[in-house]
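Student: Protein chains in written order, with the working numbering: chain A, 116 to 423; chain B, 116 to 423.
Take these hints with a grain of salt, some might be off.
For chains that are exact copies, the list does not tell them apart, and a pair is met inside one copy or across any two.
Below, in silico cross-link-like pairs of lysine-lysine (BS3-like), each with a Cα-Cα straight-line distance of 27 Å or less [stated by the list, open to error]:
(1) K164 to K296
(2) K296 to K158
(3) K158 to K368
(4) K295 to K164
(5) K158 to K295
Read the hints as simulated data drawn from the structure, not as lab findings.
There are 2 protein chains.
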Amino acid sequence: MPQPAKPRAPKTRTAFDLESYVARSCREVDRALGRFLPSERTKPATIHKAMRYSLFAGGKRMRPALCLAAAEACGGSWEDAMAMACAVECIHTYSLIHDDLPAMDNDDFRRGKPTNHKVFGEGVAVLAGDALLTQAFEIVAQGRTSRRYPAETLVMEVARASGSLQLIAGQVADLEGEGKKLPLAELRYIHERKTSALLCCSVRLGGMSAQCSPAQLEALTQFGYNVGLAFQIIDDILDVTQTSETLGKTAGKDTAAQKATYPSLLGLEKSRKEATRLTDLAFKALGQFKGKATALEALASYLLKRDR
Amino acid sequence: MPQPAKPRAPKTRTAFDLESYVARSCREVDRALGRFLPSERTKPATIHKAMRYSLFAGGKRMRPALCLAAAEACGGSWEDAMAMACAVECIHTYSLIHDDLPAMDNDDFRRGKPTNHKVFGEGVAVLAGDALLTQAFEIVAQGRTSRRYPAETLVMEVARASGSLQLIAGQVADLEGEGKKLPLAELRYIHERKTSALLCCSVRLGGMSAQCSPAQLEALTQFGYNVGLAFQIIDDILDVTQTSETLGKTAGKDTAAQKATYPSLLGLEKSRKEATRLTDLAFKALGQFKGKATALEALASYLLKRDR
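Just chain A, with the same shape it has in the complex (with noise of 0.2 Å):
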């Protein structure tokens, strides 16, 4: 008599298990641009040790693995994202070196460490910055490269991206806006340019790595700008929600500045609805991959629901 065949497990779908992805993810990128920079004896020894300080300072590796899932998201791999995924992580690491100078941010703590500066001394830090900001358009030169998405159009991704009018804008305007109560458009706009436009640039330049089609870049700079937008407002809630030890780097900075953030403007209640809101507007947008999209949705989802 045949047996009775097994009850089919109901459809649903598995628990993606982020953990073991961003673990996997960081360990690839890590193994990458340890290969991508100068070891730390090649001359001159401290701009090397610098560079290599803040950038294996324990860094969550969030951007590199945005970048990586886009591309799996579009069928690529991570081996041709992977140049793109180091290149926006030497991006992120040098703008954070500057940003906590004493000219800028003044921060003496980072990721629960000494600032570069404190370590290296201020004119170093400001060289290790530019040396990673360099090495980054070294990078992206030996990255895969297609017809459909030539080494320009990616030099000019990351150029604009880091550039004048999106990242060294939020900067400037930051700087220029502490002790000022700006308005709700203005803050955005700060937000927008300080973390939405590399976050985005990640997941768009995981996509060409892939030869994404017109549409699904689309897609990805709708995920992108919608997380980096929610991640910015997380981040301006867990400032004053979290304790310094928790965070790494000095917790009520913002405050301390008198800088306007979402909770300062909205209060938490509301700046928390608006992340949700945002990630719900960035879910919208993987549609578009029809199931290909899990690790970016658990992505965002976690940074969402971080609390550091």
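Position chain B relative to chain A; hints supplied.
Tutor: Showing chain B alone in chain A's frame:
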């Protein structure tokens, strides 16, 4: 009766009018830079004012001139080389802004004007340097490419010359060498990186924009390397022999900062001889171009004989 033929002019080379050549290239480069950079009114206005303040502070535009002259020597046009000429000037200007910061050389004057951080504050000066560095790559990405020299090659050329093994290596070694009695080999290491690297890159990029042959590229490399080294030796000499007024920047800074220089290690006479020897080597490399390198030759002569 037929008129007697006019006597033929003796076969001497017409004197090359360097002054008007440099004035013309300066004008064209300024115009192109003006187009590449966001206007002063573009938000955030501060950063674009700061970028333009230093970029249009009356620099001699020697690197762009060398770049354009190198393109000419290889049969190319100024137009095709213009983006590269502008990119190297952005890199040069960014490195000056950061070099002048209190944490580095701490200079209050440059080209007879207050330095960037004196006008805009240190935070904005750091960001203006960052923005010009980033802008350089955006400009390279818009430059003329060819099968032989695609965008990735041009970007790599600029990134390497400006990165932690060249330009930034020179700055770090310079910073670390202050107050130390360096041997000549170490001083040469610094000069090669601080000055030769970008000068060499300028002429190489000019050649590449003209789709130069490998032999021409090698000749330009030799030329650029030697002119660059001679240029920095002359800079060392001018620092001790000229007034701040003539230089438009603080004279005697090297001595005050106890920096090793060619004059301090070799004396003035031997330093002058070394600069002449290097310029002769540069001339020799131009043999390759069979008379088409008149502008490069004139520029090298001028750089050797300049008094500011």
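Student: Give a verdict on every hint.
Tutor: Structure-based check of all given hints:
no., hint, verdict
1, K164 to K296, "between (40 Å within a copy, 24 Å between copies)"
2, K296 to K158, "between (47 Å within a copy, 19 Å between copies)"
3, K158 to K368, "between (37 Å within a copy, 26 Å between copies)"
4, K295 to K164, "between (38 Å within a copy, 22 Å between copies)"
5, K158 to K295, "between (45 Å within a copy, 18 Å between copies)"
Violation of the numbered hints given earlier is absent; every hint is satisfied by the structure.
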